[in-house]
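Colleague: Work out the full structure, taking the sequences as your base and the hints as a guide.
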Amino acid sequence: MERLPGARGLPGDLADGSAVSSPALAADEPASKPWFVGTAQPPDSGWERLRELFRRDELNRYPEETMNIMKAAFSGGIIGLIYGGIPGFVYAKKRYIEQSKGEIYHNRLDAVQSAHRAAIRGFIRYGWRWGWRVAAFVGIFNTVSIGLSAYRDKNALSHFVVAGACTGGLFRMHLGLGGLAGGSIFGALLGVPAGGLLMALQNLAGETAIERRKRERRDLYEQKMTEWRTNLSITENISKQIDYALQDGDAGKIQK
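Quick note: the sequence shown uses numbering that gives the first Met the number 0, first residue 0, plus one each step.
If you are wondering where the hints come from, they were derived from the structure by calculation, not from laboratory data. Quantities reported herein were computed from a predicted structural model and do not represent experimental measurements. A hint or two may mislead.
Stated by the list, open to error - Subject to a maximum C-alpha distance of 27 Å in a straight line, what follows is the list of computed BS3-like cross-link-like pairs (lysine-lysine):
| no. | residue 1 | residue 2 |
| --- | --- | --- |
| 1 | K223 | K239 |
| 2 | K223 | K213 |
| 3 | K213 | K153 |
Modeller: What follows is the structure in structure tokens.
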């Protein structure tokens, strides 16, 4: 595009039509791709893929795998609370009644309320014991298994076996080497059916968590590239219109 003497344009390549011939061509050049678009493929490094599990996105959200770990740990804590709390409730109430036969109460309501308060204390006591243990077990198990899958970029039953062994060993390490070995063996055996069940559910869903993460990454990349190309095309059209308007104005001044 030739410029008349005295014509002004926007600085940079946007004002020069020969610099960027089309948005699609500019998007295909690696140097012209903006940094915030990212890449369609996951990182090659296993440690980088592992760090992505605990890195927030543009909307300040954690990855789906990290949220699943938190949800599983919370659900395990609730299940453990109920599993340990209900027997504790019954046991504490029964024991209170057996030990308080010689006590004097003002009325029947006072006796019933005292028994219920003892039962509630038993529910909280035993429910808390089971709740935090189950939540910690489920959280560590899922963290190790998901971390191994992200690091190796594939699903395998051995990941769940290793996760079960690590979790069982941690829970029994206070008993010494014998407890550590026994807990690891028990956890590894428990990880086989748990891992098989989770992998079967993923196969029934049609795609694994890794495949879904890669698909969502490609979709997000294509969406960002489309938005960037659209914005680039709009900017280029605006710069051309401004350039044409400036040329027309300068041509009119020359004719006068």
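Colleague: Run every hint past the structure and note whether it holds.
Modeller: Cross-check of the supplied hints:
1. At roughly 24 Å between alpha-carbon atoms, K223 and K239 fall within 27 Å of each other, so this suggested pair holds.
2. Proposed proximity of K223 and K213 is supported: the alpha carbons are some 15 Å apart, at most 27 Å.
3. A threshold of 27 Å between alpha carbons decides the hint, and for K213 with K153 the separation of about 11 Å falls inside it, so the pair holds.
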